[in-house]
Every structure is written in structure tokens, then in C-alpha cells.
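Protein chains: 2
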Amino acid sequence: MQDTPKGSRLHIAIFGRRNAGKSSLINALTSQDIALVSDVPGTTTDPVYKAMEILPIGPVMIIDTAGIDDVGDLGALRVERTMQVLNKTDLAVVVIEPEQGVTDFEREIVKEIRKRGLPMAGVVNKIDLWPVTADVLSSWGSDLNLALLGISAKTGQGIEELKRVMIKLAPDDWEGPPLIGDLVSPGDTVVLVVPIDLAAPKGRLILPQVQTIRDLLDNDACAVVVKERELKEALEGLKNPPKLVVTDSQEFMKVGADTPSEVQLTSFSILLARHKGDLETLVAGAKAIESLQPGDKVLISEGCTHHRQADDIGKVKIPRWLRQSVGDELDFEWVSGGTFPPDIAKYKLIVHCGGCMLNRREMLYRLAMAREAGVPIVNYGLLIAHVHGILHRALAPFPLAQMILEE
Amino acid sequence: MQDTPKGSRLHIAIFGRRNAGKSSLINALTSQDIALVSDVPGTTTDPVYKAMEILPIGPVMIIDTAGIDDVGDLGALRVERTMQVLNKTDLAVVVIEPEQGVTDFEREIVKEIRKRGLPMAGVVNKIDLWPVTADVLSSWGSDLNLALLGISAKTGQGIEELKRVMIKLAPDDWEGPPLIGDLVSPGDTVVLVVPIDLAAPKGRLILPQVQTIRDLLDNDACAVVVKERELKEALEGLKNPPKLVVTDSQEFMKVGADTPSEVQLTSFSILLARHKGDLETLVAGAKAIESLQPGDKVLISEGCTHHRQADDIGKVKIPRWLRQSVGDELDFEWVSGGTFPPDIAKYKLIVHCGGCMLNRREMLYRLAMAREAGVPIVNYGLLIAHVHGILHRALAPFPLAQMILEE
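Chains as they are written, first to last, in the working numbering: chain A, 355 to 761; chain B, 355 to 761.
Chain A extracted, bound-state conformation (with noise of 0.2 Å):
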């Protein structure tokens, strides 16, 4: 049985002083009809990943910041650390330690969470070693704004309540809009085309392949799938033409070849686009590719770090699909995984990976720091796409994007 993957899994931040007790009212949720499912260990200031389930929100990703706080104070590390977890937060849970109460340290975190309009569940922790008068209660969270429950962790008193509070303030829309289910009425048949190249791993699927496979199965339709090479045969063998076809983006000149003009044609990076992140800005992103000019510095940038092949998509053929369009040299910057440099206002374009790894809010957070910047950016998939000269054709069932690359 496979987990749910990482990207869709609603992020729940637990946040508070070192002695809150966080990491037990993460074992109190857990033990209390929650199943763990996985635990990634980080280093010591590294928050710590752990894949659950939570009914009926289905399943969540808890981030344990217990490396975040161990320097004391709000050291530059510690600031860092926190600003990289809120990135990709959907909802907040601040732990209050009742001993000291509301300190700088809960204020801070409250601020922050609030800047970014995030949902927060307030609790105080260890009621059962220190017992809060209703009283306390109301006036540190008047000191917050902020509604307080108290709980212990230990005893598992007031855990079903906060769950209830979680279930309540977790956003209905963190998930975006579908993969391709909105596409697709019962009974349509997509075809997916799916190259086996060296960057395929044994036995697997790529995660959005998989994904969009379950996507048109949720919504009564049938997937084909098929390599590039057997693309115009299996076209050939359905007695009606498919409803869309979505290729892998380093194919499309092929299948763009093999699939009739009469049936739309998209790829998996543009329906990643548009599920995880803001299809619009990703296409106003790859009309800038026009603008650029010999020189120029462009960032590539990739949500995680996965062994490189010879001919690597974002080391190789970017570069060179880049350099192409431009007609003369460009200099490129690569990062991967944790976030963004620091300074982004410098380059002309940021080029982005799929996303795959990344949850929704943290896209949404890296397109928005670019706007911010003013620097276009765009995806691996509408770069290709649009350097051969077919985003137009791929955009075709999204009206509002292919509008935008009109203009």
C-alpha cells in the first residue's frame, strides 16, 4: 500500500517553547485514532516530517519544530527555520507552557502566523501539573487574541477536543483546483502518455502520473496509458477520439505530432501548474522567456534534490533550450530543496520544477516572493512547451491562460 503523497497532505505546524510539550501532544493526537504513518528525522534544527491521518480531514502532514527552538532565542537560525515551516503551513497550532504562560516567544509566533492569515488553534499544555484557572485562561488569550484550550497532553485531556477545534479551522480549499478531474465528465477516456526514459525509476510511476491516473478513476473515467512510441497506435485502436491527451512535457513535439488536431492536447507540468500553484502567473512567466536578453541571469530552481542524469532537464537541456531562444549566452543559478536565495530581485526569470514534493501553499508562497520581486517566473513544463512553440495548443483547455499568452 502506498502513503497518500507529501503534496497532499494538509500541513499542520505545531509551534511553542522548547518544554511545551509538543512532541507528547503529538504522541497524545497519534495514540488517540490517529494512525502514525511515517517519521522523517531531521537534524538538530531541522523541524521533523510526520505523515498521519487525522478523520475526517483525511491525511496530514504534523511538523514537529522541536529543532527550532532549542537556541534559546530568537537566534537568525531559529527566525529562518520558523519562516521556512510557515511557508508551507496550512494551519497553525501554538503550545503554551503554563509554568512561564505567554512570553515574547508566543506573541512573535502569533504575529507571524496572523501576517500570513493563517488558521491557529491556541492551546495551553500540561493542565494536569499546573491547573489553569478559566481566568488565566481568558487573560493570556486576550494577551494572543487568541481563544486558549487547555489541555494535557498526559492525561489526553482535552485532545478530542482540539481535534475537534483542528478538523473545524482546517481550509476547505488548501488542496486547490483538481488534477484533471474537472476536465472529465463518466465515462470520458483520456489518454496518458508516459516515456520510460533512465530517469524513471524501477517498478514506479512518476508521482503525477500516478496522481492523474487517480484523479479521472475518482471521476468515472478511463486512463490510457501508453508510451510516446505506441501513442498513434493505441489512438488508432478506441473506436472515438479521447477526450484530452496529457503528455509528459519532454515529449510533446512527438505526441503533439501524433494526436489529431481535433483532440486538445495538455501535459502533466501544466496540470501540476494549475493544481498546485497559479497556472496564470506560471504562463505570464514563459511569455517572458521573449524578453530575454544575452547575459541575463536566470534562476533555476528545483523543490528537491534527486540524482541527476547525464542529460539532465534543468543542468542540460534548459540551459540549452534557453540559450536557443535567446541566441546567445545566459547566466544561470541553480538551487534545490529548502527555499528560494535570498536576494531573487536580481534575476530576469526563475525557472521552477514541477513542484511534485512541494505542497500547494509553498508554491503559492514561491510565486508570490517572485511577484513580489517582479521576476517571472515559469515551470519546466510551459518553458518546454513554449520554447517548441505548442504552449498555445496545450493551454487549449484552460481559456484563461491561453488568453493571457495572447495578449
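Hint data in this document are derived by calculation from the structure and do not stem from the laboratory. Among the hints, a few may not be true.
If chains are identical, the list can't say which one is meant, so a pair holds when it fits in one copy or spans any two.
[Claimed, not checked] Derived DSBU-like pairs: lysine-lysine, alpha-carbon spacing no greater than 35 Å straight-line:
{"no.": "1", "residue 1": "Lys669", "residue 2": "Lys586"}
{"no.": "2", "residue 1": "Lys581", "residue 2": "Lys608"}
{"no.": "3", "residue 1": "Lys593", "residue 2": "Lys608"}
{"no.": "4", "residue 1": "Lys360", "residue 2": "Lys581"}
{"no.": "5", "residue 1": "Lys522", "residue 2": "Lys597"}
{"no.": "6", "residue 1": "Lys702", "residue 2": "Lys360"}
{"no.": "7", "residue 1": "Lys651", "residue 2": "Lys671"}
{"no.": "8", "residue 1": "Lys669", "residue 2": "Lys522"}
{"no.": "9", "residue 1": "Lys556", "residue 2": "Lys469"}
{"no.": "10", "residue 1": "Lys465", "residue 2": "Lys556"}
{"no.": "11", "residue 1": "Lys581", "residue 2": "Lys522"}
{"no.": "12", "residue 1": "Lys586", "residue 2": "Lys597"}
{"no.": "13", "residue 1": "Lys465", "residue 2": "Lys522"}
{"no.": "14", "residue 1": "Lys581", "residue 2": "Lys669"}
{"no.": "15", "residue 1": "Lys669", "residue 2": "Lys702"}
{"no.": "16", "residue 1": "Lys465", "residue 2": "Lys593"}
{"no.": "17", "residue 1": "Lys671", "residue 2": "Lys517"}
{"no.": "18", "residue 1": "Lys360", "residue 2": "Lys700"}
{"no.": "19", "residue 1": "Lys469", "residue 2": "Lys517"}
{"no.": "20", "residue 1": "Lys522", "residue 2": "Lys556"}
{"no.": "21", "residue 1": "Lys608", "residue 2": "Lys360"}
{"no.": "22", "residue 1": "Lys556", "residue 2": "Lys508"}
{"no.": "23", "residue 1": "Lys597", "residue 2": "Lys581"}
Place chain B on chain A using the hints.
Same frame as chain A, now just chain B:
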């Protein structure tokens, strides 16, 4: 990007006394062009599994037996843990520490490895600290009747040679027959029926389904993926009947009715049974259901622990079908994860899950254990097909297995 599944990785176990430098050796192998993909830390006495890539073997699972030898001598727990590791080992590496040289530990472990006919490499580590003469190396080698290679995990001396030895020793039949690749020709279409029930994690497909799609693509075939409700429509949408329909076992009845009788039909469980183990043994186990008597002990064994649904197949459905088949009560016991209980001879039937999380070596070992104890063993999928009277049809692609059923 998804990892290669655990079950599709060559399992390499590293054995040696506590101070032999097993972990350093694994790190040395890792830093030398081997990418560490993930780490699953075990408890103190559990071995640690490290998913890696060793070219040209491909994806491997290194089993670090660090915890096993911590008790100092071959105590009962240590022996049990060692045996459990050996049951899933495809290739063994014995690491000798040169200060003490060959001891009873090495003699015992080499004997056990040899008893199982497993390929084995032997190394003497730490030769940077304890230079070992060719004479000593050869005399220790004679003691174990095993060619020994002097290495230093610390300096890297001999690591490349060890990798060449490992690659040479790696058995080439460890993967077993293909999942489905040998049943299709290029251009064939196979319909995969994938029900979406509550047990299917959001955004995912079950591992054998993904592996089947991938194997079809690897063999230039086309996969039509559909839910059971849309199967009829999908079949009608094809100009020619598919080569094969593969269904989830739980939908055998409906899919059998909706698939024209001239189209071959089988299940993911049957494909997996052949790929991972021994289809003929399991078919003989299915036949044994007919001989069950009221009150007989039946063991239901699952290879992994998973979140149970209300109508769980192992806990609820299979006991119900078996009771209906016998027409009376049976005495069920359940086991999951690790291994079989010590005394399996008392059971009249073992019902095993498909074993998608087990590697082939371990599945073959479990089948061998059942055969030795004279206990018939069947898996979930074959049992379901048999109690519903459609096993004969589902075995059509496998004539030998079909003959065993007819006997």
C-alpha cells in the same frame, strides 16, 4: 519522483561482529557513487534497511545488522534476528575485524549463509590500522573456505574491488518471472480494473497496480485503467478486444461477468503470486480449501501492518468466505509483519496476503516453510477467485497452474 519499491530491490545483508566496521563499510559504499536514498532506522535489535543504488546492479536494499550483534554472543534473540535477515537476503557480505580475526561468530554465520546457498563476499576490514599479510588473509580464508578481500572502509582501499565482487556475485534470477511483461506482445492492450475503495489512499494507486502499468509500458504495451463500473463501457470503446483483463481480486465476480468469455481474465494477485513466489504451490493451497473441516486451525498472515478498514479483507471477508465454504466455524489466527509463528504444523491452511511489501526471497522462504511443515498455503487473491468459482478461468494465462487445479 518515486523510489523503486522495496520488494524490487536486491537485498544485500552485511554481517560482522560489533566492531568490524559494518556501518563504515556501508558509508564507504555509499560515498563512492552510491546514492543513499532513504534510511529506515530500526530499534536496538532490529536491522537497519538502507535503500541505495549500485550500478550496474540497480536499486538495492542494504541490510545493516548493526543491532543484531550488540548482545556479544549468539543469544537466542540474536539468532532469531539473524535468521530473519537471512530469510530475505539475496547476497551476503561478511566483514571480519582483523584484531581478533576469524572467530566462532564468522564460522557460524558463514555456515548459515552457506546452508541457504546464498552468494557471499568476505572482507577483512581496517587494513589501514591492522595491515594483514597475504598469508594471514589466506589462512583466515581457508578457515572459512571463503575468498577474503582486504579493505579499509576508512581510506577506501579495496572498496571498488568489493563492489566488482558484489556485482559479479549478484544472482541474476532474484527477481523471478516478470509481473506481466511476458504475457504481452508490443502493441497489445491490457485492461486493468482498479476499484477505488476506502482502503485506497488518497491520490495513490496500490503498488502492484503501478508495477503492472510500468511493466506493460516497459514491454511496449498499452494499459487501459478503469474502475469496475466503467469496465463495460471501456471494453466497448476498444476497436479490438484486449489481450487480457487484470482485475483487483475483490471485483472478480463483477469483472468476470462484464468481460467477454473469449477475453482472458486474471487478477493482480495471481500476477504477483507468480512474480514473487510460486504460483503452483499457491494453487495447490487453493485446492486444499475443499478439504477443510469444521474447527480446523487457519493462519491468516499479512506481510505488513496496515490501517484496518471496518470490512477488512484479512480480518472479516476471508474468514467469512472460508466459513461459508466449510459451512461451519473455523479456528482463525492472525499474524502480520515479521515472520510466521514458530509452530505452523498445527494449521490446516495458511492464507497469505499478496506480499507486495516482501521481497521474493522472503516469499519463497515462507512457501518453503509451509511445504516443509506439510501445510497448504494460498494467497488472498487465489482464495477469493477459488471460493467464487472463477479460479479456473483466472488461471487461463498459466496452463501449468491450471492443470494443477484440474488434477
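Hint-by-hint comparison with the structure:
1. Lys669 - Lys586: Intra 31 Å, inter 46 Å, cutoff 35 Å: intra-copy only.
2. Lys581 - Lys608: This pair counts as both: shortest intra-copy Cα distance 11 Å, inter-copy 30 Å.
3. Lys593 - Lys608: The answer is both: 22 Å in one copy and 24 Å across copies each meet 35 Å.
4. Lys360 - Lys581: both (27 Å within a copy, 25 Å between copies)
5. Lys522 - Lys597: Result: close neither inside a copy nor across copies, 38 Å intra and 50 Å inter.
6. Lys702 - Lys360: within (31 Å within a copy, 43 Å between copies)
7. Lys651 - Lys671: Cα proximity of Lys651 and Lys671: one copy only (17 Å, versus 62 Å across).
8. Lys669 - Lys522: For Lys669 and Lys522, only the inter-copy Cα distance (33 Å) is at most 35 Å; the intra-copy one is 44 Å.
9. Lys556 - Lys469: For Lys556 and Lys469, the Cα distance is within 35 Å only across copies (31 Å; inside one copy 45 Å).
10. Lys465 - Lys556: Between copies only: 34 Å across chains, 47 Å inside a chain, cut-off 35 Å.
11. Lys581 - Lys522: between (44 Å within a copy, 33 Å between copies)
12. Lys586 - Lys597: both (15 Å within a copy, 18 Å between copies)
13. Lys465 - Lys522: Answer is within: at 21 Å inside a copy they meet the 35 Å cutoff, but 61 Å across does not.
14. Lys581 - Lys669: within (25 Å within a copy, 40 Å between copies)
15. Lys669 - Lys702: Within. Shortest intra-copy distance 18 Å satisfies the 35 Å Cα cut-off; inter-copy 60 Å does not.
16. Lys465 - Lys593: Classified as neither: same-chain Cα gap 60 Å, cross-chain 62 Å, threshold 35 Å.
17. Lys671 - Lys517: Answer is between: at 32 Å across copies they meet the 35 Å cutoff, but 48 Å inside does not.
18. Lys360 - Lys700: within (32 Å within a copy, 44 Å between copies)
19. Lys469 - Lys517: Answer is within; shortest intra-copy Cα gap is 24 Å, inter-copy 54 Å.
20. Lys522 - Lys556: Classified as between: cross-chain Cα gap 21 Å, same-chain 42 Å, threshold 35 Å.
21. Lys608 - Lys360: Classified as both; 32 Å inside a copy, 34 Å across copies.
22. Lys556 - Lys508: Close across copies (32 Å), not inside one copy (45 Å); limit 35 Å.
23. Lys597 - Lys581: Both. Shortest intra-copy (18 Å) and inter-copy (17 Å) distances satisfy the 35 Å Cα cut-off.
Violated hints for the displayed structure, listed by number in ascending order: 5, 16.
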